[in-house]
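Dock chain one against chain two, each of which comes alone in its own frame, and use the hints as you go.
So the protein lines, in turn, are chains R and E. Sequential numbering of the first sequence, starting at 0, is according to numbering that gives the first Met the number 0. Sequential numbering of the second sequence, starting at 0, is according to numbering that gives the first Met the number 0.
Think of the hints as simulated: they come from the structure by calculation, not from any bench. Treat each hint with caution, since some may be false.
Unchecked claim - Straight-line alpha carbon distances no greater than 25 Å define the calculated DSS-like cross-link-like pairs of lysine-lysine that follow:
{"#": "1", "chain 1": "E", "residue 1": "Lys151", "chain 2": "R", "residue 2": "Lys105"}
{"#": "2", "chain 1": "R", "residue 1": "Lys74", "chain 2": "E", "residue 2": "Lys39"}
{"#": "3", "chain 1": "E", "residue 1": "Lys125", "chain 2": "E", "residue 2": "Lys47"}
{"#": "4", "chain 1": "R", "residue 1": "Lys74", "chain 2": "E", "residue 2": "Lys47"}
What the hints assert, rightly or not - So, partial list: chain R residues that the calculated Cβ filter (under 10 Å) puts toward chain E:
{"#": "5", "residue": "Thr2"}
{"#": "6", "residue": "Glu6"}
{"#": "7", "residue": "Glu13"}
{"#": "8", "residue": "Leu43"}
{"#": "9", "residue": "Gln69"}
{"#": "10", "residue": "Leu78"}
{"#": "11", "residue": "Gln95"}
Here the structure is a predicted model, which means the values were calculated and not measured. Glycine included, each C-beta is placed from N, C-alpha and C at the ideal position.
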Amino acid sequence: MDTLKLEILTPNGEIFNGEALSVVLPGEEGEFGVLAGHASLTTLLTSGVVDVEKKDKSVEAIVISWGVVQVDEEKVIILVEGAAPIRGNNEAEIAQALDDAKKLIKDVADSSAAIAVVSSKIESAAQRLL
Amino acid sequence: MANLKDIQRQIKSVSNTQKTTGAMKLVSTAKLRRAEELAKRSRLYAQKMNQVIAEIAGRIECNKIGGIENCCFQKNDNPTMVDIIFVTADKGLCGGFNIQTIKAVNKLLKEYKEQNVKVRLRGIGKKGVEFFKYNEVELFDAVIDLSSKPDKARSDEFIKTSVEDFKEGRTEALHIVYNGYKNMITQELHVNKILPIDTDGFDCDDVQHSSMLDVEAENEEKMLDALVTRYVDYNMYYALIDSLAAEHSARMQAMDTATNNAKDMVKSLKVKFNKARQAAITTELIEIISGVESMK
Numbered sequence: 000m001d002t003l004k005l006e007i008l009t010p011n012g013e014i015f016n017g018e019a020l021s022v023v024l025p026g027e028e029g030e031f032g033v034l035a036g037h038a039s040l041t042t043l044l045t046s047g048v049v050d051v052e053k054k055d056k057s058v059e060a061i062v063i064s065w066g067v068v069q070v071d072e073e074k075v076i077i078l079v080e081g082a083a084p085i086r087g088n089n090e091a092e093i094a095q096a097l098d099d100a101k102k103l104i105k106d107v108a109d110s111s112a113a114i115a116v117v118s119s120k121i122e123s124a125a126q127r128l129l
Numbered sequence: 000m001a002n003l004k005d006i007q008r009q010i011k012s013v014s015n016t017q018k019t020t021g022a023m024k025l026v027s028t029a030k031l032r033r034a035e036e037l038a039k040r041s042r043l044y045a046q047k048m049n050q051v052i053a054e055i056a057g058r059i060e061c062n063k064i065g066g067i068e069n070c071c072f073q074k075n076d077n078p079t080m081v082d083i084i085f086v087t088a089d090k091g092l093c094g095g096f097n098i099q100t101i102k103a104v105n106k107l108l109k110e111y112k113e114q115n116v117k118v119r120l121r122g123i124g125k126k127g128v129e130f131f132k133y134n135e136v137e138l139f140d141a142v143i144d145l146s147s148k149p150d151k152a153r154s155d156e157f158i159k160t161s162v163e164d165f166k167e168g169r170t171e172a173l174h175i176v177y178n179g180y181k182n183m184i185t186q187e188l189h190v191n192k193i194l195p196i197d198t199d200g201f202d203c204d205d206v207q208h209s210s211m212l213d214v215e216a217e218n219e220e221k222m223l224d225a226l227v228t229r230y231v232d233y234n235m236y237y238a239l240i241d242s243l244a245a246e247h248s249a250r251m252q253a254m255d256t257a258t259n260n261a262k263d264m265v266k267s268l269k270v271k272f273n274k275a276r277q278a279a280i281t282t283e284l285i286e287i288i289s290g291v292e293s294m295k
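In isolation and in its complexed conformation, chain E is listed as follows (with noise of 0.2 Å):
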């Protein structure tokens, strides 16, 4: 009979639990509305902002304008010293949308190791962050509570950093790692290489033969530097608010399936509690039956 009393427990406390991550999904897919419209709106400026960045580059790697030799633009193949700057959630609860980050991040780590580069690490995000000092690899500095609440500003200052060294030539490359959102039920893992600004895949005919119109070296210098820093800048906020709606998304997700895993887990211990019930019934029948017998 103590049988039958566990299994009533149990289902208690499942649907308790499928109580909770039902409610917590719901609150995620909340939150997921707002960050996501935020990302949308901000999705296509940061498009637009790549592309005009991606075709200066293109424009100057095909020599289209002399005289540019601004750091921001130029390759460099053996860095000695790169930045990783990461973006996690600050809580857990959404699947293995932290892990992915993480992950990634591991990867980037071990290339650069083999090349022998050293790299500095920046987190953003707490669950990445206590990964880290956990598997103690060491982080350069670690920004907290600015992955579940982005702000331009403290965005703008984190990066700071990080851009300077570039330009001093302290460190030769900058990626920032972190998972997008692409739509309600995936996210998407971006390793992006920020600095230097990659001239890949572009190509030069193109840039041939449209026109162009000369202005001078001195200005452009000026335009550059202040094009790329909120090229960066923008980067690094977009990586934030976009993350912030992949992990809205992902928590929902995890909760939703959370939720239905304690629905199928009461379903069974249902059919189980019945089992059990009725063999307590039948074994008093039994028990009755053959008293009964026994005494005629």
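So that you can see chain R by itself, here it is in the shape it has in the complex (with noise of 0.2 Å):
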């Protein structure tokens, strides 16, 4: 299967630099999954999750506030405002991480609803990785 490349950056540095087999985003109109060999669109996003699919089949959740997206045939380049990705090696690490992605989501996202739909997400994306 084809892979794509993709980029999610923030202010504070990078967050994903690598090869991805699929990314789910969260767009302003709806959730997208973008592929390998997607036709070129730029778009904005809004708080939620973003689906990783890396190589070895694991999906990675990252939580994000605002950003855009830009896509191309070969590579997907992510901007967003804050990210909060959910891994660690650990049990404790990864309910850091989560603690930190529900208070950014807390922050930025303005209904209870959306709140409750990311950090539903975001729940069993750890749960996966324990």
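This is the structure:
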């Protein structure tokens, strides 16, 4: 399967830079998935969860606040204001990442429904890691 | 003999100055490390942001996206009013750091004056503001303590007026002039034209070959607007942090040179002191010897 080059950048540095099989993004008008070879597209992202399917088929969830994505045939560049990846090598680290992500989403999301959706998503993402 | 004392006093005062400049260098080095870290982390984001914007601008220029009439992308060849924002340090003692920025601003001012364009000068940083006040150049507004403590919220607030005025057609261009960080020993002067977004140097052929997903123009208009605002905000903020890193590196360098100069000065003063001392001894000896000779 083809891979796409994915870059996720925040003002505080790089969150992700590497190959991915697919990525699911929280667009302004709804979620959309991107595979390698996608047509060029530039759109805004709202606060939500970015699911990155990595080369080894594992899925990493990254919580983002406002952002913009630029997609073309071989690469996807995501610029976000704030991001919190759900990752870690042990339970404590994952729990910490989860807390950070929840804090981020509480700061930016305006409705409790949106917060709840994101929370449940990251909870299940964290479950997968444990 | 008074001469000897004078030299001694001089040596003391110069070595005191040396201590001060040495300490200031250390302080700047520590501050530079933090500022540099911040600037480095943001640099990639700023670059990509500019890339994305440039590509969109290019696509609009090459008519790949139809029906876009966002003023931020439209060139105006005959401006009547432009905004110039400059960023200088709040403190001096950093070599030619501030003066370089001021010179660049003056050059820009002159260019616009020749074209009969009115300029609104907006300043950040005490040194630049003081310079233009002293030279009786009118400043539209000035912020003093933003360049030493860059703050995203305050920088957004500052740039907002310029963006709004541009969008409503009161101004036709926006420039940001600042001295940025290149590496530990060099600073790089940036004169950036932020608005309207420059579409020069974009290769239309590249765009024609790539496929493009069509999205409704109404949505695009809104998207571009949000994007441009973020782009300008971030460029302003980045100018501030980049300038801060550059300021510290410039100061570090200036203080290093000052310390070295002081060291050289102490050395030559010491030679002078020893010569004077020797001369005094010789004179004394001659006096004694000639005294003895005359008694014979």
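*Return the status of the interface hint for R/Leu43: holds when the least beta-carbon distance to chain E is below 10 Å, violated otherwise.*
5 Å, holds
_Pair hint R/Lys74 and E/Lys47, alpha-carbon separation not exceeding 25 Å_ = 13 Å, holds
*asked:* Tell me if the interface restraint on R/Leu78 is satisfied: Cβ within less than 10 Å of some Cβ in chain E.
replied: The hint holds - R/Leu78 has a Cβ within 10 Å of chain E, the shortest such distance being about 6 Å.
*asked:* For a C-alpha distance cap of 25 Å, please report whether E/Lys151 and R/Lys105 respect it.
replied: Answer holds: E/Lys151 to R/Lys105 is near 20 Å, not above 25 Å.
_R/Lys74 and E/Lys39 were given as a pair; does the straight-line alpha-carbon distance stay at or below 25 Å?_
Holds. R/Lys74 to E/Lys39 sits at ~23 Å (cutoff 25 Å).
*Using Cβ atoms only, decide whether R/Gln95 comes closer than 10 Å to chain E, and label the hint accordingly.*
Violated, about 21 Å.
_For the restraint on R/Glu13, tell me whether the closest CB of chain E is nearer than 10 Å._
Hint holds; R/Glu13 Cβ to chain E Cβ min 6 Å, cut 10 Å.
*At a threshold of 10 Å, is the proposed contact between R/Thr2 and chain E supported by beta-carbon distances?*
Since the shortest Cβ distance to chain E is 19 Å, the answer is violated.
*Would you check the hint for E/Lys125 and E/Lys47, treating anything up to 25 Å between C-alpha atoms as holding?*
Violated - the C-alpha atoms of E/Lys47 and E/Lys125 are around 31 Å apart, more than 25 Å.
*Is the hint on R/Gln69 kept, meaning its closest Cβ partner in chain E is under 10 Å away?*
With a minimum Cβ separation of about 5 Å from chain E (threshold 10 Å), the hint on R/Gln69 holds.
*Minimum Cβ distance from R/Glu6 to chain E below 10 Å?*
For R/Glu6, the interface hint holds, since the closest Cβ of chain E sits about 7 Å away, which is under 10 Å.
The structure shown violates the earlier hints numbered 3, 5, 11.
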